[in-house]
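Protein chains in written order, with the working numbering: chain A, 1 to 407; chain B, 1 to 168; chain C, 1 to 195.
DSSO-like cross-link-like pairs, simulated, lysine-lysine; straight-line CA separation at most 27 Å:
{"#": "1", "chain 1": "B", "residue 1": "Lys69", "chain 2": "A", "residue 2": "Lys337"}
{"#": "2", "chain 1": "B", "residue 1": "Lys133", "chain 2": "A", "residue 2": "Lys384"}
{"#": "3", "chain 1": "B", "residue 1": "Lys148", "chain 2": "A", "residue 2": "Lys327"}
{"#": "4", "chain 1": "B", "residue 1": "Lys83", "chain 2": "A", "residue 2": "Lys95"}
{"#": "5", "chain 1": "A", "residue 1": "Lys181", "chain 2": "A", "residue 2": "Lys103"}
{"#": "6", "chain 1": "A", "residue 1": "Lys293", "chain 2": "A", "residue 2": "Lys184"}
{"#": "7", "chain 1": "B", "residue 1": "Lys148", "chain 2": "A", "residue 2": "Lys337"}
{"#": "8", "chain 1": "B", "residue 1": "Lys53", "chain 2": "B", "residue 2": "Lys11"}
{"#": "9", "chain 1": "A", "residue 1": "Lys103", "chain 2": "A", "residue 2": "Lys311"}
{"#": "10", "chain 1": "A", "residue 1": "Lys181", "chain 2": "A", "residue 2": "Lys293"}
{"#": "11", "chain 1": "B", "residue 1": "Lys41", "chain 2": "B", "residue 2": "Lys11"}
{"#": "12", "chain 1": "A", "residue 1": "Lys95", "chain 2": "A", "residue 2": "Lys327"}
{"#": "13", "chain 1": "A", "residue 1": "Lys384", "chain 2": "B", "residue 2": "Lys106"}
Partial pick of chain B residues on the chain C-facing surface, computed with a CB cut under 10 Å:
{"#": "14", "residue": "Leu136"}
{"#": "15", "residue": "Asn137"}
{"#": "16", "residue": "Val138"}
{"#": "17", "residue": "Met141"}
{"#": "18", "residue": "Pro145"}
{"#": "19", "residue": "Asp154"}
So these bits of chain C aren't anywhere near chain B, every CB distance computed over 10 Å:
{"#": "20", "residue": "Glu80"}
{"#": "21", "residue": "Ile111"}
{"#": "22", "residue": "Glu183"}
These aren't lab readings, by the way, just hints derived from the structure by calculation.
Idealized CB from N, CA, C, for every residue including glycine.
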Amino acid sequence: MEHNHITLPEGSIEKTTTTLNIGPTHPATHGVFQNIMEVDGERIVSSDQTVGYIHRAFEKLAERRPLYQITPITDRLNYCSSPINNMGWHITCEKFLQIETPKRVDYLRVIIMELARISDHLICNSIVGVDTGAYTGFLYVMQYRELIYEIYEEICGSRLTTNIGRIGGFERNFTNTAFTKLEKFLNEYPKVLKEFESLFTRNRIFMERTQGTGGISAARAMNYGFTGPNLRAAGVDYDVRVHQPYSSYQDFNFTVPVGTTGDNYDRFLVRNAEMWESISIIRQAYEKVQAFKGAEAEVYHADVPEYYLPKKEDVYTKMEALIWHFKIIMGEIDLPKGQIYCPVEGGNGELGFYLISDGGRTPFRLHFRRPCFIYYQAYPELIKGGMLSDAVVTMSSLNLIAGELDA
Amino acid sequence: MSLNNEMIQEKLIAKFGDQVSNFATSYGMLSFESPKEINLKVLQFLYDEPNLKFTFLTDICAVNYPDQKGAELVVVYHLHNLKENIRVRYSVSTSLENTDVYTATKLFESANWMERETYDFFGINFVGHPNLKRILNVDEMDYFPLRKEFPLEDQTRIDKDDEMFGRG
Amino acid sequence: MRPVRFNIHPKEAEIADAIGMGKAPDGVPGDGFFATQLSSVVGLARKNSLWPLPFATSCCGIEFMATMASHYDLSRFGSERVGFSPRQCDLLMVMGTIAKKMAPVLRQVYIQMAEPRWVIAVGACASSGGIFDTYSVLQGIDQVIPVDVYVPGCPPRPEAIIDGFMKIQDLVGQESIRRRNSEQYKALLNSYGIQ
Chain A
1 MEHNHITLPE GSIEKTTTTL NIGPTHPATH GVFQNIMEVD GERIVSSDQT
51 VGYIHRAFEK LAERRPLYQI TPITDRLNYC SSPINNMGWH ITCEKFLQIE
101 TPKRVDYLRV IIMELARISD HLICNSIVGV DTGAYTGFLY VMQYRELIYE
151 IYEEICGSRL TTNIGRIGGF ERNFTNTAFT KLEKFLNEYP KVLKEFESLF
201 TRNRIFMERT QGTGGISAAR AMNYGFTGPN LRAAGVDYDV RVHQPYSSYQ
251 DFNFTVPVGT TGDNYDRFLV RNAEMWESIS IIRQAYEKVQ AFKGAEAEVY
301 HADVPEYYLP KKEDVYTKME ALIWHFKIIM GEIDLPKGQI YCPVEGGNGE
351 LGFYLISDGG RTPFRLHFRR PCFIYYQAYP ELIKGGMLSD AVVTMSSLNL
401 IAGELDA
Chain B
1 MSLNNEMIQE KLIAKFGDQV SNFATSYGML SFESPKEINL KVLQFLYDEP
51 NLKFTFLTDI CAVNYPDQKG AELVVVYHLH NLKENIRVRY SVSTSLENTD
101 VYTATKLFES ANWMERETYD FFGINFVGHP NLKRILNVDE MDYFPLRKEF
151 PLEDQTRIDK DDEMFGRG
Chain C
1 MRPVRFNIHP KEAEIADAIG MGKAPDGVPG DGFFATQLSS VVGLARKNSL
51 WPLPFATSCC GIEFMATMAS HYDLSRFGSE RVGFSPRQCD LLMVMGTIAK
101 KMAPVLRQVY IQMAEPRWVI AVGACASSGG IFDTYSVLQG IDQVIPVDVY
151 VPGCPPRPEA IIDGFMKIQD LVGQESIRRR NSEQYKALLN SYGIQ
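So that you can see chain A by itself, here it is in the shape it has in the complex:
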């Protein structure tokens, strides 16, 4: 009997590997990334990435805006933890303009930033769960992310892209409802996190899927510019909150969890451990906030009329306030000359703001150091030689946020 072989046309090269395209719109990429992989069976031989599918020209846009109008742009960098970006930008501005913020503002900021870190890690870890086949964790913890969003809503009126705070502090004081909601979160969330952990951490399937996949050594990770939980999972205890404390992080007692192998499992564990630390930091900050008495307990912004919008009642009744209101809204305040680089510990790494001012009203140049843009280059090295299905898990455990990556 004759076999019908497919005969290749004359001159064609016989390839032993297959080219596989994943993305830019693909459920496994969780964002708009394109990966073109050479696979031998299910093993990845090499891969190449394309990014830039939602490049929005943040840096050019920022050159046109006064400082306070840049906050909404930072929201849209890493939108899973936008309050950290907002605060990071405000802290950069305050350092640049040499504004001292009151301690209470710092502590309130810490509460918000740690809530944001929890919501960021929560999404990342539950998505790792989804990619290893456990949808339950995701559906379960998403319910509790809503609690965090409710707290944001109580403070600034928005859920996701928060635009929270102003240069110098917050736009309004935290209400009692906000604190009640915070207490509710602090009471309920640890149980949920515990359950979430017991669902995954010693789960045989999960361990088999994540241990030993997507690993990177500490030296390579540093060479690739890893920061944040991904670097800590590789065993380097670099955390901007400790190394270069901002917003009074030096007043808090917390540990920096580190992993050893830098694989997907370690990244998962480090994020989980960080959530526990965040809860403890929030508790400490909440205690410190409660300890303020009298007039101090009402402070929610620094006294910087040049940059902090006056109260609406004052605008209608006081000349001084009206002038400041006008000047701020019209963006008519000249900035000092100078350059500053200010990093904060974002949800997925060191988020830096490099601000150059030439004395104009808008930044001359503003560059964002976006952590996931920098560490996504390591992806081909992380997945090389591994299975295709592990590449998907590696991608989600890196916590790549397309909006931040493409700026």
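On the provided structure of chain A, position chains B and C as indicated by the hints.
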């Protein structure tokens, strides 16, 4: 013995003499410049020198100063010594006519995409880069959008009335 | 051992107005039959079993995740199955900024979808470019594909996304069966250079 800005400055001057210049400290961070030809030597020195060990590249970006004739484009490196926890800012400038700058990809893997981004935005030609092509914008783009001479908005769009947006 | 007892005082759930069946279309009911227009029946079936294709690129996609997850639960509206294959889906939900680099991809996905297909633009960016009036962002997806419903917001709350989804359901329910063959519809697609 902890490292401080003065020590870094002394070491750099001892090695490169007057080729490194414009030392300044702003907001606690030391910044300095050098001619673009020796950028790799300076980076390598900062990387290898036992007491300096700036082995972490935080960031590369560029800035366009249209008024500085002959040095319109400035490439800025932010380096970090994680152990001593100290950062420096190092910059080299280049003219618009000849935008060649040596690549740092041999030293830092992370420089790869940062340099591609800088090329994409400012058109700086990193000599020796393994894969220097646009990263964020479409390949067909024929200008470098972050240079000051180019406008922010897309000039071909017809649906937005500039006068209504205060740009008439 | 506790005796097994049935609840002899059952409490009626107060669901008189809260939960209802889908309303039957106008028609003639009779013994064992119900006569109505074919398009109404098809519309009723289609609108309650839409398969969305989430084309989520940025922030709005995260709000869509919340919409899909347990708290807001989009599956109550008959779209339990979120498909990622354009061939199988009826509703393209575009959430997030579409850059010029992404525009051809979006168009390709739209072309791959089978008729009848609907499009919902979620959020300011998808509707008009939003705050990103820049060289790299498409100023609204209606420049490359036709859109049925726009949802405003940056990002819209999950309730707003659900509201937009219900607007689509209304459109789907009332669509005549031959609309996709009409000259007007062909002219619309031609104006986008599709087909």
